[in-house]
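Number of protein chains: 2
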Amino acid sequence: MSGKENNMKAEIIAVGTEMLLGEITDTNSPYLARQLAQLGIDIYYQETVGDNPARITALLDQASRRSDLVVLMGGLGPTADDVTKETVAAFLHVPLVTDPVAQEKLTATAARLQHALTPNNLIQAQLPQGAIPLANRTGLAVGSWNTVNGTVYVTLPGPPQECEPMISEQLIPRLAQATHQAIASTMLRFYGLTESVIAAKLAPVINAQTNPTIAIYYQFPDIAVRITAQAADQAAAEALIAPVAEKIKDLLGDAFYGTGEHGSIAQVVGQALIQRHTTITAAESLTAGAFQAALGTVPGISAVFPGGYVTYAPEQKTAMIGVPAALIQQYGVVSTQTAQAMAEGARQHVGTDYALGFTGVAGPDTLEGQPAGTVFIGLASPTGTTVREFHLLGSRNEVRARAVAWGFKMLQDVIGR
Amino acid sequence: MSGKENNMKAEIIAVGTEMLLGEITDTNSPYLARQLAQLGIDIYYQETVGDNPARITALLDQASRRSDLVVLMGGLGPTADDVTKETVAAFLHVPLVTDPVAQEKLTATAARLQHALTPNNLIQAQLPQGAIPLANRTGLAVGSWNTVNGTVYVTLPGPPQECEPMISEQLIPRLAQATHQAIASTMLRFYGLTESVIAAKLAPVINAQTNPTIAIYYQFPDIAVRITAQAADQAAAEALIAPVAEKIKDLLGDAFYGTGEHGSIAQVVGQALIQRHTTITAAESLTAGAFQAALGTVPGISAVFPGGYVTYAPEQKTAMIGVPAALIQQYGVVSTQTAQAMAEGARQHVGTDYALGFTGVAGPDTLEGQPAGTVFIGLASPTGTTVREFHLLGSRNEVRARAVAWGFKMLQDVIGR
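Chains A and B, in that order, are what the protein sequence lines are. Sequential numbering of the first sequence, starting at 1, is according to UniProt numbering. Sequential numbering of the second sequence, starting at 1, is according to UniProt numbering.
Be a bit skeptical, because a hint or two may be false.
The list treats identical chains as interchangeable, and a pair is accepted whether it falls inside one copy or across any two copies.
[What the hints assert, rightly or not] Taking lysine to aspartate or glutamate and the DMTMM-like style, the derived pairs with C-alpha atoms no more than 25 Å apart in a straight line are: (1) K201 / E344; (2) K409 / E104; (3) K409 / E169; (4) K9 / D61; (5) K201 / E238.
Derived by calculation from the structure, the hints in this document are not laboratory data. As the structure is a prediction and not an experimental result, all values here were calculated from the model.
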């Protein structure tokens, strides 16, 4: 069954005065929208409303007449402002009842924190009578799923760290079941090609099929490609994805670096270094420590990363890692030769398997007559040194971020995925 | 006149199917909401709708009956999907007409880019007859302001880089005029106090007055405090702000580091270093280069930052900057003594005025029996070295980010603002 055929019309109601004041940006709605789109469920309306029972009720009344799925997000907490669940219960003419599982979690949490459990706290375990509870793995307020007169009413907590897991782990599987579908999805991550190049290369495969679907996302500095398949069961859906993923990797070649919802080439390459017991250092000029700081985000990286240098000024390239002053004089700081000498000097001084040397022009001003975005990255290895020249786009910080990602990409190309 | 008295009810309609698919997150609505809140204009409803004339018309019809200000954002571009302005014009029973200023900009831009001007492009210069054009400083699609039967209808472009300037430069001044107000606003930025401490310290001054208003924003790792005043003219509004800003700075003491919409203690302190010709270096362990990478975001920093060290492994603290191995052995890597020796070693090796040494436990695991979040920062100066011990909250990367910000704060405390 194709998702387009199920024709379930969804409507999202985000509840919270803080959104109407602009104090927080609603990221739950786009997150849910993407997940519903993968199920082929169309959203026709999204509303944001304050913590006001009368206005929430008016929206519920409108939604009940035009939508098959009404998802309310926010207002499930313990404070007087949190009116969503009592408003939904009143609209459906049912009382609130307590979910014993959620209550047990509240009691256990209060005991662990040595807090007294107030009646307000216990409200978080309540849901409209007749609703199926949606467990909150990362918080205390239980969600709910209620089918009344053919319309499904769902309540979800507002904090994204609670809302997103409840969507992906509770709501979407239940919706997939309700629409007799199983969904499988994977996100392939690429670095080093532009969005337009990727779009052009993938156009034939995107246009050739509707299941799996293929969507391209620009998530600076990555490009991510999501493949989503629908089938009668999970194994069948996953089986549809594998050959398409291989075809896409073939088409885009070396730009592929890993899979995952939240990309970071630093994580992927850093973990590969740890697994292979391959040691790394760097000497950084325009990136000023950003490559090493990215390495530092990887838990356990200390096993393979002893440290390195920020050789920002030309004299420090000489003083810290022995780049000959005459070489800098002859070729300039922004040159193949300096990048090579930086990588080799860092590798020799720290004694690692590999070393990267970053030099270039972050901008906004030119340097040595070279325009902003000109970057040389050297990679010193046990078998010699390679240097690549780049002309990177964007602001000062974008150029630096792209240079860091290219450093990881060059490293991945030699150590393997 | 206080903003609360104008009682203008606003409604925001975000137009774009890509939002209903979750492909983009609507940041224009919270931006506009914040600006309207400063004018004392309350938003009761926000909707998101696809590029569909019938559904946009239904929302316009509803909004016209309950709101005084209806702002539509998105759908002003040149493609067939962009239906907002023709839908508004049809709803108001007026034709579209061409704004000569916007047309001239289109013609000039096409000439500069050597593109032919298609009829589609020219649509971007159109607006409903009777509307006041809102100039698009950063793009080509003109906005509009139309008062019909006492309700104001506004159209704004969807891309945030066009929408935000049109809001702040065109819409808000016009609304301030319409509501007979002038608005002044400033954002004070703080680092090093928790939100709850700031809230408690500011509660008396927040509760004591309604003009200026004071709002606290948590913008990791900063806390920002916005002061907004309304008055009959701009000078009077600004005069209301100054004494309140001074009172707040007094109450929060050393935590204040600067003013501005988009905070970065690195920018503020980096620019102060450049202005004072004060040189800086660092030796970083848990932060792994993140402090120096933040320095590198400041244009012109090379004048005062020659470079520094990432001394991640204990042996590199000894090899690179001469921290005695016996000292590390005796006191541990995570200690006052090691932080002091790192700062002093870096300062001596690079020859700068100041140097910072960062050591600690980013987590998730403990180190030397010290819990994640334990951080020592040494600051070596011409007059000696100070070390501060911190117990920072959050994930691995939050601990590292907080440590970097504390490094800048310690530096600011000695070099001055």
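To see whether the hints hold, each was checked on the structure:
1. Taking the shortest Cα distances, K201 and E344 never come within 25 Å of each other, neither inside one copy (37 Å) nor across copies (54 Å).
2. Taking the shortest Cα distances, K409 and E104 never come within 25 Å of each other, neither inside one copy (48 Å) nor across copies (44 Å).
3. Proximity of K409 to E169 under the C-alpha cut-off of 25 Å is found in neither arrangement, the shortest distances being 33 Å within a copy and 42 Å between copies.
4. When the C-alpha separation of K9 and D61 is checked against a cutoff of 25 Å, the pair qualifies both within a copy, at 15 Å, and between copies, at 22 Å.
5. Taking the closest pair of Cα atoms, K201 and E238 come within 25 Å of each other only inside a single copy of the chain (24 Å); across copies the shortest separation is 55 Å, beyond that limit.
Going through the hint list in order, the structure does not satisfy hints 1, 2, 3.
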